[in-house]
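Since the structure of chain A is already known, use the hints to place chain B on it.
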Amino acid sequence: MRNNKEKLPLKYSTRTILKRVFKYALKSTSILAVSIVFLIIFSVLEIFQPLIIKKIIDDELSGVQAVWVETTANEETITYGGKFYQKDDGTLIGDRYTLRYFEAEGKGKYLFVFASLAEKDKLIRYEGNQIIVQKEDNTEEKYEYSSLSPNDMLSFYGNSSEKIGYWLMIYAIVAIIILVSRYIETVSFTSASMKLTLDMRKSAFEKVNRLPISYFAREPHGKTVTKMIYDSEGVRGLYEVIFSIFSAVVSLVTVYFGLFTLEPKLAWLTFIAFPLLYVWLTVYRKAINKLNQFIREMNSRINGKMAEFTNGVSIIQLFNQEKNMTEEYDEMLTNNYKTKMKHLRINTLFGYDLLILIRRMLVAFVLLYFGLKYFSPEAAVIGTTIYVYIQYLERLVNPITEIFSNLNSLEDSLVSASRIFEFLDEEEDTGLGEVTDLKLTGEIEFRNVTFKYVEGKNVLENVTFKTKPGQFIGLVGHTGSGKTTLMSLLERYYDLKEGQILVDGIDYLTYSKQDIRNNIGIILQDVSIFEGTIKSNVAFGLEVSDEEIEDILLQIGAHKFVNGFSKGIHTEVSFMGDNLSTGEKQLIAFARILLRNPSIIILDEATANIDTETELMIQKSLMVLSKNRTTFVVAHRLSTIRNADMIYVLEDGKIVENGNHEQLYRKKGKYRAMYEAQYNK
Amino acid sequence: MVKIFRDLNWFIKKNWFKYLLIILLTILFTYSVTLPAQFLGDIIDKIDRKTIDRDYVIYIFIAMAVVGLVIYLSGALKRYCTGSLTHKLFYNLRYNFLTSLFKQDADFFEEIYAGDLISRATSDVGTVSRVSTHMVFALFDTIMMLIISSTRMITLNLKLTLLAVTPLPIIFLIVIILRPKISQNWRKVRAQVGYLNNQVMESVSGAKLVRGFVKEKDDEQKLVDSATLAYKIERKSVLLRSIFMPSFRIVTLISMGIAIAYGSYLIIHQMDFTVGNLISFNIYLGMFSSPLFQLGNQITFIAQSGVSFDRINEVLDAKPTIKDKNCAKELMGIEKIEYQDVSFKYPKDQNYSIENINLTIKKGQTLGIVGKTGSGKSTLIRQLLRQFPITSGNIFINEKPINRYKKESVRLNIAYVPQEHMLFSRTVLDNVKLGISPATIYSIDEVIRMADFEKDLPFLHDGLDTMVGEAGVTLSGGQKQRLSIARALLRNSDVIILDDSLSAVDGMTEANILRNLKEFCSHQMKIIVAHRLTAVEKADEIIVMDGGKIVERGTHEQLMENKKWYYEQYLVQEMEDDYAK
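Order-wise, the sequence lines are chains A and B. Under this note's numbering, the first residue of the first sequence is numbered 312, with each subsequent residue one higher. Under this note's numbering, the first residue of the second sequence is numbered 511, with each subsequent residue one higher.
Be aware that one or more of the hints could be misleading.
Distance condition first, Cα-Cα at most 25 Å in a straight line; then the derived SDA-like pairs of lysine to any residue [to be verified]:
(1) B/K943 / A/N622
(2) B/K698 / A/D510
(3) A/K616 / B/G973
(4) B/K727 / A/T747
(5) B/K732 / B/K742
(6) B/K965 / A/N614
(7) B/K613 / A/N614
(8) A/K616 / B/S902
(9) A/K653 / B/T561
(10) A/K634 / B/G625
(11) B/K943 / A/D641
(12) A/K750 / A/K653
(13) A/K418 / A/Y456
(14) B/K560 / A/Y437
(15) A/K418 / A/E430
(16) A/K978 / B/N868
(17) B/K718 / A/K978
(18) B/K1074 / A/T925
(19) B/K718 / A/K653
(20) B/K560 / A/I435
(21) A/K420 / B/T561
(22) A/K506 / B/D728
(23) B/K732 / A/T925
(24) A/K453 / A/S427
(25) B/K732 / A/I435
(26) B/K669 / A/Y456
(27) B/K727 / A/D740
If you're looking for bench data, these hints aren't it; they were derived computationally from the structure.
Isolated chain A, as found in the complex (with noise of 0.2 Å):
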């Protein structure tokens, strides 16, 4: 069984990513800029919107509770007793008064005490008709008072509630605006992170086509297509972690500036809070991280295994291993469900939870403080400063809680972006050049070719041979035998190092890879279709008219295409030709290769089961397709190859016979036993 350890290779450094991102990052730098500003604006705003409420508690509800002036009537007195007052503000001249909420044995009510209490002075007890108050130097003194009935206390309010009314107003406004910018600021960095994604597809669609062939034989088609199209979405996670960190910051600054405008020691002292909440993040997060990282790659393998016996319940149940798989499964089912227990403990004890904890122990910190601060000879505490500030802090805490939410995701983010990278920065196809007009006659030469792939056995060894223009040419040979290799040296998909291939006399490196491609109509094993319309895949890319299609179909004996559909050759064709048969496939390529008229062909016989009937419509239409036309069949039906001109035979990578199929047959060597072990003579 496979070993668990599957390392995620990073090749590249955090750093060296985010650099790359940063230069895609400066192709949407107005959109970015956007959505900064509305971020500042209203990260600034939400600062004020607490102080708001503060201001009308303060002023028009609280307030009330003052020392109030007697003066003559104007705009800013209220009426009392038929005589007039107005809040002290320090300048006025005339009789003080202190209207106070005082509650004794339980009973609380408000009085309007005539004198000019300071904010330490206390109202210990009612004494007759006078009230004793207790002094900050703890002298007691008597004063006379009066009680206030609500109506009396709805005079002293005066016109709180139109002022109440206005600040509403003002708070609505400033909400309004704060939310307008929000959608804004979302918005614009929502699109600028798509804009990345589409970027970042483009880059990639750009270097697929200049691939070496080698890299699409090498990784799996789905892998390839994955990182095209999923890892470029999972790369806006970097976005969303810079731009989190990044109004986390201006969160952080916005809120410090109003926590130390209210009280500055408060706000030195949840600076302790920081350190911790650093280490926390750190140890957390890592540990989370490999975990995390863990239990993927288990899912991951425990959805391959599920999808494997999926497939293969037939074969399991038929050799009777549904008890042994199942423990296989169970194994891994087990150890996955081990680990995500280990994830839940460290998560709960050490996650978000506690994160919130320390954010209730700063705000019964905050209590402890300003309710003792009451208690000290400094200026007087009032009870929305505790409310303000614990608002405060908890937008000091929920930036944090974002960034660490987002990190979660950074990791993912770094994995598909270093992807791509890996991608972006392959090794590419050298020499493709440019089409020009070369058409050439189709005489190859092959001259002392030795080839491999990797280290290890040569696949071709010496291949000499040379043809005539127009000649139809077989290859033989069992598997690996180096067949097919000689056709993609010739297609240059790989890049010779030993020994020449001639094409009209000359080294074939000399004429550009396009050129030379331009000039070979090539039918692979698994014939590529496209999704659109019969026509559409023959054209394939040429402008041509439904008649020069249909003529070349007919050419062919694909009667049944241009016929036999209802809709002709305007028939759909699903992605990649899921609704054609294999037989079809192969008309349809060798429709775009008599179209194109090169005069080179290479047909790599499918090895698939086709029945005896497709077959030879095969034969017959390459029989058309090979006239005047230097053609190699790499055949595994030595009957396709029966009319050759030429038949190499292959193994190992050299040729061991050549001759036409007569010569060959009498020969009595390998080409005669090939051929009577298929037809079991």
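For chain B alone, coordinates are given in the frame of chain A:
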């Protein structure tokens, strides 16, 4: 919701304690969360009314700290219990899913395709485990919070509560209107990305063709256009999605405005409402509106998960068609197989897949089965393998009806080499080892030689230990076939079936294998299904199938004399030989 409790009855019953604990913790948690607001209101009032003393401050501080800890602990424990239930359920469902799958017959897999099953096992199981635990409790959480916060608000002032809460139902309206639009839009986005995905897949698979035809630029442009379209569609979707939160906030803003306005009125008119009350009330109001917002989402999500439940239950509750009878015995070796008037058709089909099949094969004999694609060859075989039920007629093994024997023991006596080769992601050795049975006598090396796979070993860089399948190297069609044959040979069973398994090997290899079979498996019954008639030429009996019926039968010589389909096919396949001569 009811569905969840019905379908997962067994799970809830087994873990009733945890479920109960979570409920209790949720109540404790939710209640505790509302306490700090109360403390805050109290302390503000005391400061406002100058009734505060030192003791009270200390008391509040300790109370807040204790409440904070209670919240943390109850929350953590709740989270842990919920998570453990999720993981446990997930484990159970995945395990049960596979075991159920292994019990099913071929007709089950014709109904639900592999891709669908895999998606159910992964995606749907995930959804169900999450919804039945996490989501259900989240919903309970939300409802609890709504109840407790509203109770608190009402305790402060009923009229204020009613006024402040009035605008909030608009949230539901917003959710109901916006949500479907957003989902629809989102689906469009994913569809386009899926389309793009397919296009890229075509280009990547067809790279050789694109290069060969020098179409690189056009191909690139096509992909760029498609990706740009995806971008444009997604941008539209973002504009819509981002409205969600702001619209919610506007409603809560109005609600809060009403609360402050009327709350101030109460204070000014001395109607038993204080400044502290106002602040506490506002906090409770926030605790009420957030859950309201989530409620819609949660209910929708849980409701939509019903589909996933159904999809999983379809598999978990499935019963195999072919069940062993209680009196079924073990099969000890196969001496003779007889088909007597065997017919089979799918319930939904008009025509029979096989009709009136009559066959006899004895130990040591070889049966060849040929015919066009779709003539019923495989169906015939699968009856024997007990993968398809018999509609009429019967198969007799050793003179007894096949259903007298246990399904599994019948299979134990047969080695099957399939047409579509299935290799598992493990070493070559481990793959072959799947064929080990109590009857195995040959070693791994021996069967590898017999299957003509020995010559392939040098090409595999780790030899027998080379990883194959998804995670390893891709073997050629011929190599896969030969490995499958080796696996079957290892079983050393009384019957070996080659179901068109020689199509991908060349003539020489085919000859080698057939020769080895003849030599080493002479005591075994061999059933060979083939397209190439050379594979069955030496059989004791060859049957030709067409439209589910046997249309010709006999030895090779007899069939050649018959001058019907077999004769013609043979000539076509041999055509060149006459010509060459």
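> Holds or violated: are the alpha carbons of B/K669 and A/Y456 at most 25 Å from each other?
Replying inline: Violated, at roughly 34 Å.
>> Just to be careful, I want the Cα atoms of B/K560 and A/I435 compared with a cutoff of 25 Å; is the pair within it?
In response: holds, 11 Å
> B/K727 and A/D740: Cα distance at most 25 Å?
Replying inline: holds, 15 Å
>> Hinted pair, alpha-carbon criterion (25 Å max): A/K418, A/E430. Please report holds or violated.
In response: Between A/K418 and A/E430 the Cα gap is close to 22 Å, so the pair holds against 25 Å.
> Do the alpha carbons of B/K1074 and A/T925 lie within 25 Å of each other, as the hint requires?
Replying inline: holds, 21 Å
> Quick one, are B/K718 and A/K978 close enough, alpha carbons at most 25 Å?
Replying inline: violated, 37 Å
> Regarding the pair B/K732 and A/I435, is the alpha-carbon distance no greater than 25 Å?
Replying inline: violated, 87 Å
>> Between the alpha carbons of A/K750 and A/K653, is the straight-line distance 25 Å or under?
In response: With a Cα-Cα distance of about 68 Å, the restraint between A/K750 and A/K653 is violated, given a limit of 25 Å.
>> Next pair to validate is A/K616 with B/G973; report whether the Cα-Cα distance is within 25 Å.
In response: Answer holds: A/K616 to B/G973 is near 23 Å, not above 25 Å.
>> For B/K727 and A/T747, compute the direct alpha-carbon distance and say whether it is at most 25 Å.
In response: Answer holds: B/K727 to A/T747 is near 15 Å, not above 25 Å.
> Taking only the CA atoms, is the gap from B/K718 to A/K653 under or equal to 25 Å?
Replying inline: violated, 48 Å
> Are the Cα positions of B/K732 and B/K742 separated by 25 Å at most?
Replying inline: holds, 16 Å
In terms of the numbered hints stated before, the structure departs from hints 6, 8, 9, 12, 16, 17, 19, 23, 25, 26, listed from lowest to highest.
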